[in-house]
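Protein sequence lines, in the order shown, are assigned to chains A and B.
86 is the number that our numbering gives to position 94 of the first sequence; each next residue is one higher, with no gaps.
561 is the number that our numbering gives to position 473 of the second sequence; each next residue is one higher, with no gaps.
Quick caveat, the hints were computed from the structure, so don't treat them as lab data.
Worth double-checking, as some hints may not be accurate.
To be verified - Simulated DEER-style distance windows between Cβ atoms:
1) B:R725 x A:K329: 52 to 60 angstroms
2) A:A180 x B:T398: 51 to 59 angstroms
3) A:D406 x B:G709: 55 to 63 angstroms
4) A:K329 x B:S520: 54 to 62 angstroms
5) B:D125 x A:A325: 54 to 62 angstroms
6) B:Q672 x A:V311: 53 to 61 angstroms
The beta-carbon is built from N, C-alpha and C at its ideal position, and this holds for glycine as well.
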Amino acid sequence: MDDLTVTVRMYRRLLGDCFMIILASGEKKSSILIDFGILQGTPDAASRMKAVADDIFKVSGGKLDLVIATHEHADHLSGFGFAREMFFDNPQNAHVPQIEIANLWLAWTEKSDDEQAKALLQRFDKRRDVVRRLAAGVAAAEEGTPFAMAPSLALDGLTGFLEIDETAFGVAGAGRLTIRETFDKLKAAALNTVHLEPGDAVQTPVIPLKTFVLAPPRDEKLLFKDLPSKGSDAETYLDPRDGEGGASVRQSALALNEPLLLHALGLSESYIDEAGGGETKSRSPSDHSPFSPSDRKIEIAEVRGIGKTTKRAASASIVETQRWCRERYFGTAKDTKAVASEKLRRRIDGDWLAAAGEFALKLDSDTNNSSLVLAFELPDKTFMLFAADAQVGNWLSWHNQKYADGDLELSAKDILNRVRFYKVGHHGSHNATMDKQGLAMMSRNDLVAMVSTDETFALKQGRGGGWLMPNPRVKAALLAATKGRLVRGDRKWSEDEDVRSYPISPEFKKRLDETAENDLYVDYRIFG
Amino acid sequence: MPRFFPTAPQRPDWMRRPTARRLRVYAFDPRASSMLDTAVMNDTVIELPWETPWEDEISLGPTNDYLEVVDIDPACGLFYAPLDLNDPYLLAQDGLPPEEGRPQFHQQMVFAVAMKTIRSFERALGRTILWAAPPHKGDDGTGYTRRLRIYPHALREPNAYYSPDKGALLFGYFKPDRTPGGEQAEWVFTCLSQDIIAHETTHAILHGLQPRTIDASNPDMLAFHEGFADIVALLQHFTMTDVLEHQIESSAGSLRINNLMTGLAAQFGVATGRNGALRYALAMIKKEGEIQQGQATSATVTPVSKLEETTEPHARGQFLVAAIFDAFVAIYERRTGDLFRLARYSGTLGDNMPPELVKRLAKEAGKAAEQVMRMCVRAIDYLPPVDFTFGEYLRALITADTDLVPNDPLRYRVAIAEGFRKRGIQVPGCISYAPESLMWDEPDVEEIDALKSADDMSGLFADVLGKLKFTVGFGRTSGNSDYNSGSETAVASRNLRKMTAEVVQYNQLEIWKWLEMPSTPRNGKTSKQIDRAWERLLGVRMLSCDLGSVRHSRSAWKHGKGKVSPAVEVHSARVARRQGPDGQELHQLIVQVTQARFGLYDESEQKVLDDGPMHAEPPKGDFFVFRGGATIIVDLRDGRVRRVVRKRIDDDERLQRQRAFLVGDPVGMAVAGKGSGRGVEPFALVHRC
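Please work from the sequences and hints to get the whole structure.
Laid out in structure tokens, this is it:
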């Protein structure tokens, strides 16, 4: 293996992950595909994914020795759906190049006979169900529901999910695959499927590289920890003074709204966490009011006189108050048209639902923690770390097990100390690159990082200022740790003003190849 | 329980109305009550003038002429019963005592503080506050928002905002997991913070004064809104004498210490993970001081952010806050230097301050705050109606103050200009920060040669002045019976504020008609020549159709069918009566004229649009609205046009700057881009992520 070369190829100009590891040694060649996806809602997603698929075919010669699917998100897997006829559904005699998958690596969470995996899957399904209901509730808001009154922009966080409904989930006619179907198809197509556990050590096929499995963890506490701890315990690069941006504050605000959002969807408030068919606590939304029961007598439903008949013989003063509230807020039949429309305009039934978009994102982002995280060992005992979309809990879990390396036992710290290539977590977002337990340990001074992002497109996602990908603080930390050897998906390294101030060795420039046609990908030869 | 006060109780003649309605509130927020050293002074009373005979009586809600509190909690599916401030039990004890767990106390406090803010604006402006007009016809089709609505429990999140679309203030409440100090977390109600209420009310007032201030056409527009709202909230701290005395004593007479007086929204700040208040007026100044003394190291102190690098509106607004608060403190220090020397007081903490000195210092601080507040508020009238910057606000402030108070013996204006200069706020077009060079220019008589009449400037506006109403009148006048109270009986129950709004609407319409109609030929000048001169003076197109991207009138009623002309909007036509400190009176008409022009993101396409015919409908595809216009200030003592503060509609450089701002800046995109602004809440208390 003296003449081994290892090249990492990142497909460019998309918000999503598509990476290839291209190995060559003497006559032998091998290619590994790690994720193949693009964010839903990207313009010309299909043609862009097909261009990538064509390149995958060219590089692999129609045979991928290994495909790694890190987790159940469209921006990591949707490419298989867009290019399905190249991977799975080969129409007879069609002139479509075929790509064969020899090996498939998945996380233990995809094991069909694993009790924990099954329960987890159910929980994720319920979450997705809630997200879909939220998106559907907003899309087809019925008169009288708070969704009909929700300010449009505030629900922007949901637009991404709306498009799931229209495309990926719209099975009829669209011919696209759901992410779950993608997994099933991959398993069926691959000649050999391996499920990986944290702490496993495995070898890549054809040209063996020892590979350690860092995550996802079995510990569900960590599996559902998305956001950094508060104050001095903070694990990420969030500025604790960011206060209102402070993730924990938003998290507690979300916790306040979660049961009420579920109510608004007609679900029980413990729907997500309850076991199937189990008993549910029956609380009404008014139980969530901070005021005492004696202040909770004027229910909106009664004031409007819909759906509810007065349970108790209300006192005269309550009836009088209800009448006042109805006239002032909802209006009466006596109102002129102008007055009625004015009253409607000034209602705020839906403003509190601004939390819905964020809630959906949170539910959705739990899936990121089920990311399969791998460290590939190069012959010089350094590592390439692929962190997928791992968030706080996932990162923390790496340190909870040892990694057997022959007679030696490595700790996560040992591995991180020797990382020479880092695939940045979750497109550079704020909670997917740990500080002390992560990047700070990647102390080699020849560290190179690649981040798959599209900053401009990310800013158009979500509400308010959009998604910061990369987050400015994470970006600054990455630039410092790599001394400017940060390669981005959305711009050429050679044209990146951010790296200009760092002295760069000619060696790095020699190994970086940005000459691909149409800027389709960037190559970095990490070894040999 | 709610009850209705009899509307016309039989009272003997000698029984007079009370002068004030007293309502108990927290001086800051509930947090100050739970801490031993501040608890003593946190219960305070706001005195609101009792309703006059020409205002509506306070009723359930509370509801009055300006506000209506509607306490709905949509997330929990509840209404909380409205408070009746006229209940004798409440009248006898200054309203409900402060209590976090009583929603009706929340209604009382949010009402009282919002009213207090309104009254202090009215004092400074010399006229009644009117809310921004609704997007369409509004209340009963009058096109006028009678009352600002307040929802004390609208949201369950750490936020609060003024919603221009709904004409409402929405307050949130929340419960943090735990406080950084590990204290038991409590519910936090934003409607119980004086600062947050004053801040949000200010947004609403400012929007009513200057309808176009919510257009984010440059980085300063929304930042101005935020900074200004913070300044008002801060300066209002100094109106509470007992609190002020307490704090002055504990800070040894200094206003440069971070404490309750100089911080905003302490409870909210702590609950959202800060070590103290949400924002401090002097945070930046303190850092500047440290850096000058060489104490700051990059590891421990964040470098002071630069104005040009700060785009988030709240952060950028802090430059304005620091500039003005610094000036305020400098004024206070100048006013009290002699007192410190007379009392031979060292000004060090721990040295007991003589109680007489405390009282005198508090008085001076209160007076300085009141004066600075008036200066800041009056300046609003002198702003261009659209697209202004911090530097232009400084010019407006200096000009407005000079017009009212020609002498400035205590050099307030210098202090304020100095405050702006130290924050690095640029004033384009001025040679220095000396107050004289910051003044807006008077209209150039040479430029408007065609408008000259026998007595020069005073004739300029004479045509239209004769048609306007300068006060609410009595009796029927010349066919306009709908804004006058026709008969004697109506006088007894008339609502002055509503009638004022009608007068404003009437004047707006008259001025608009006058602008739209071709001028009468005069002094040998043709109608066209006079109109051209007006266009140059106001910076808008009125009859010339040479700029295709200017929006044109849909109803070209005046030129006959099929003819088009540029659309001009008259936003406000208000009469202000102001009194200076020495009794000087100023009587002015303030008119805002604006115009819209369609902006395209591509310069060459813009050129095509500019050179083409005019459109009423926006162009297809992505576009933005670029506005120009002028604020006209007429001295009503002699009818002279004193100032024309304009932003030209044909200023292509400004158009280019707005385009760059919209394209290059994600903050601007999020608020102003995407064509429509519906559903956006630009005034959230904190920037939502």
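Going down the list of hints, with the structure as the test:
Distance hint for B:R725 and A:K329: a CB-CB separation of about 46 angstroms, inconsistent with the stated range 52 to 60 angstroms. Between A:A180 and B:T398 the beta carbons are some 55 angstroms apart, a value that agrees with the proposed interval 51 to 59 angstroms. Range check, A:D406 to B:G709: about 57 angstroms between beta-carbon atoms, so the 55 to 63 angstroms window is met. For A:K329 and B:S520, the Cβ-Cβ distance of about 58 angstroms falls inside the hinted range of 54 to 62 angstroms, so the restraint holds.
Restraint check, B:D125 to A:A325: a C-beta distance of roughly 56 angstroms satisfies the suggested window 54 to 62 angstroms. In this structure, B:Q672 and A:V311 meet the distance hint of 53 to 61 angstroms, their C-beta atoms being roughly 57 angstroms apart.
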